[in-house]
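Engineer: As a plain string of letters, each chain reads:
2 protein chains.
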Amino acid sequence: MSKEKVWKLLVLVAIPIIVALLPTPAGLPPIAWLLFGLYLAAIVGLVLKPYSEPVILLATIAATAIVIGLYGAKDVKAAEVLKGYSSGTTWLVFAAFTLSAAFVITGLGKRIAYILIGKLGGTTLGLGYVTAILDLVIAPATPSNTARAGGIVFPIINSVAVALGSDPETSPRKAGHYLMVNVYMVTKTTSYMFLTAMAPNALALAMMSDILHIQLSWTGWALAAALPGLLMLVLTPFIIYKMYPPELKKVDNKKIAAAGLAELGPMTLREKMLAGVFVLALLGWIFAKSLGIDESSVAIGVMALSLILGIVTWDDVLKNKGGWNTLIWYGGIIGMSGVLTKAGFFKWLAEVLGETLNFGDHSMMAFFAIMFISVAIRYLFASGGAYVAAMVPVFATVGVVSGAPAMLLALGLLFSNAYGGALTHYGGAAAPIVFGAGYNDIRSWWIIGGVIAFLSLLVHMTIGVGWWEMLISMGII
Amino acid sequence: MSKEKVWKLLVLVAIPIIVALLPTPAGLPPIAWLLFGLYLAAIVGLVLKPYSEPVILLATIAATAIVIGLYGAKDVKAAEVLKGYSSGTTWLVFAAFTLSAAFVITGLGKRIAYILIGKLGGTTLGLGYVTAILDLVIAPATPSNTARAGGIVFPIINSVAVALGSDPETSPRKAGHYLMVNVYMVTKTTSYMFLTAMAPNALALAMMSDILHIQLSWTGWALAAALPGLLMLVLTPFIIYKMYPPELKKVDNKKIAAAGLAELGPMTLREKMLAGVFVLALLGWIFAKSLGIDESSVAIGVMALSLILGIVTWDDVLKNKGGWNTLIWYGGIIGMSGVLTKAGFFKWLAEVLGETLNFGDHSMMAFFAIMFISVAIRYLFASGGAYVAAMVPVFATVGVVSGAPAMLLALGLLFSNAYGGALTHYGGAAAPIVFGAGYNDIRSWWIIGGVIAFLSLLVHMTIGVGWWEMLISMGII
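As they're listed, the protein sequences go chains A and B.
With the numbering used here, letter number 420 in the first sequence gets 426, and the count goes up by one each step, no holes.
With the numbering used here, letter number 74 in the second sequence gets 80, and the count goes up by one each step, no holes.
One chain only, chain A, in its complex shape:
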């Protein structure tokens, strides 16, 4: 083990021990205090990352079950820490990961990209919009940002940049600088447009539902996000184009598209079946709730169908490490959050905050303040999942205390979870991949990211809030 790993490990082991040695705050059940120490260690572990996320969570789960067992707690049972693994959230994300992989494996993602390039990519600005449309089209069934932006959109737009003669070293500003940063910025918008467009979405919703007592269907989510999301998708490629205009304006898109499509050959049966399964998934998610079916059942059904039809093989699923990692660590953190809730931690936290903080009649001001902090704090987080685990319960609890409208708060936080990641070149899973292409420098990335993230916040807090209040008053969400 490296020295760095050893001290990180010592920090993580020390956290629950120190918390346990401190006196239990008044009004909090002792077991909840012990569990809080373990949860805190898990979050710090997700940030320090001495091991990958699943290892951190497996260790936390085991420690939690053993602590509950030894302590002999009555309100919460050891076996409950495993409950996250039977959570629909975990399975929704895991199953949709298979669909993400299917777009890469079958080549359907590539085909859609080249068709769009051929139709709309006659200028560099047009290519920016091609990126936005491509990302939006496949977003509903690709919760893996790594698979969508990193695995489908990035390689194609990157090869387009190269084909346009833009070199990361000698001529980044010719086209690559613009195209690459745009890939990331638009995916930070599409990611909040569907429950299934980014893995941490479902995680955040599950954690928020417990505390805010809200219910949001797949369709409700998509409707609420549609107006601010589409607006930002229209604005983003244009704003970046104006801020850092690429030197090259015109593109011989027909040649690029023809070459790309020729390489793919005629559309395969698997691609056609995937297109069908994709439509089925969309219809399923849109109509699931009204038929009494869970969104996760639709996702598992669609996954099973893809396997039965041979669109992907079980071996493809076994090799899809991102899916398994997510299954293990999401299930773990949802289970941890569940036992903490059951032990009465968040109830106590709300009481304490209620006595300490006094927002008076300024609940809307509190809402805006929480939203601003939820974005700004993302400079500190290198992972959307870690941010969700650490901050979502806190923001939701503060929101409850402040008296801010629960559904507005939920939607605001659910969406800022995605666009907040636009700020930095490490803010989301796809960022290091896109940044790693070498066309972009940190300074211009952060400037663009700051503009896009805070503009998104402004749009959401004005047009967004108005739109959501309308949907709520109409009983749609």
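Because the hints were derived from the structure by calculation, they are not lab data.
Cβ atoms here follow ideal geometry from the backbone N, Cα and C, with glycine treated the same way.
Quick look at which bits of chain A chain B covers, simulated, 3 or more residues with Cβ under 8 Å:
| no. | region |
| --- | --- |
| 1 | 57-69 |
| 2 | 84-91 |
| 3 | 292-299 |
| 4 | 309-317 |
With the hints as your guide, set chain B onto chain A.
Structural biologist: Showing chain B alone in chain A's frame:
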């Protein structure tokens, strides 16, 4: 898709449809009848295997959740079909799979083997006992028969056979025929000696507990199995030796051991740590219940510790396909069995069987009959897991109806689940590997398997039953 796959798939799709079209039996809730059709399709799917087990179960789960949702059942909820994934059983097996892999990856399994060969392998019969002891020593933490018998014991004993000049084609009877079939037959005994010695053990226990209302700890299991198990381990290498005496009697074991150990080099830190973790796991499982801790928490803790110490890496776990397969399909079948129980199916089945079958005062005769059938029926099953899913609930239900003592019935069935697999060259996961070495013919394998399996049954029904009754009367199990 091949033609064979298509007709198998059609059969599987037809089963729940035909069941649904048939009138619901009197006294059974309609939803339970629909779910039974799906469960039946899953079991037939596990036997026909048009796809691997996880695919069958994922499809079944999705169909079940959708059927429950569309039907609007009140007693059972769609989300409950996922409950198997938060079952301690599933996680116990999954976590212990990592330990199995660790014995292979670190080389500790090999080292123990060569040490035993050096000490006790001076004759072919001695090598038979080396195999038994080696398999017994690592059995408590290697629930993967493929990893233990197929991945550790088999390669070493196979290379010993080759080193002794026994060739599968020209001289199988010199040593290889005896050594190979013995590898499989002893593992069919060690597999029932610990809850954690074979994956389907925990599955069978979980399914049986629901129906027979029994509780059995890791320690209770090990104690109950110890007497018949050790006796069979003493008998097996000797009986096979007498039935098919190898031509070679003496072995230059010192040379083989020295060469093997030289190749391994000095014991590594990882091997030492694994030995420590293994002892910790044993202590944990022995004392878990008395400390109020679940056996599954011990298993997850030990897995996490192995990862933290770097004995295995998370990448090793990701690559361990057997573990993921088991996680998905065990969790699925446990969830299916759970919703079927909740919907009232097994209660109804017991009532119907109670009216139909009349054992009078012959409950012990019924017990023996069930036990005999539980072994004989294994000629039909190529997978211990499929046998458990299909037959354990039925045998347990018939047992309840017959009035046979619940704990005797449970122990009898839990153990016959392993030794019943001795019968054929496809009876367990390790069988095709060992048989595939080419030293054995089907005829002699089936003769030896028949002798070992039915002798085990005889031992269990005489000495075993006496031993279990003693343990029960002393309040130990």
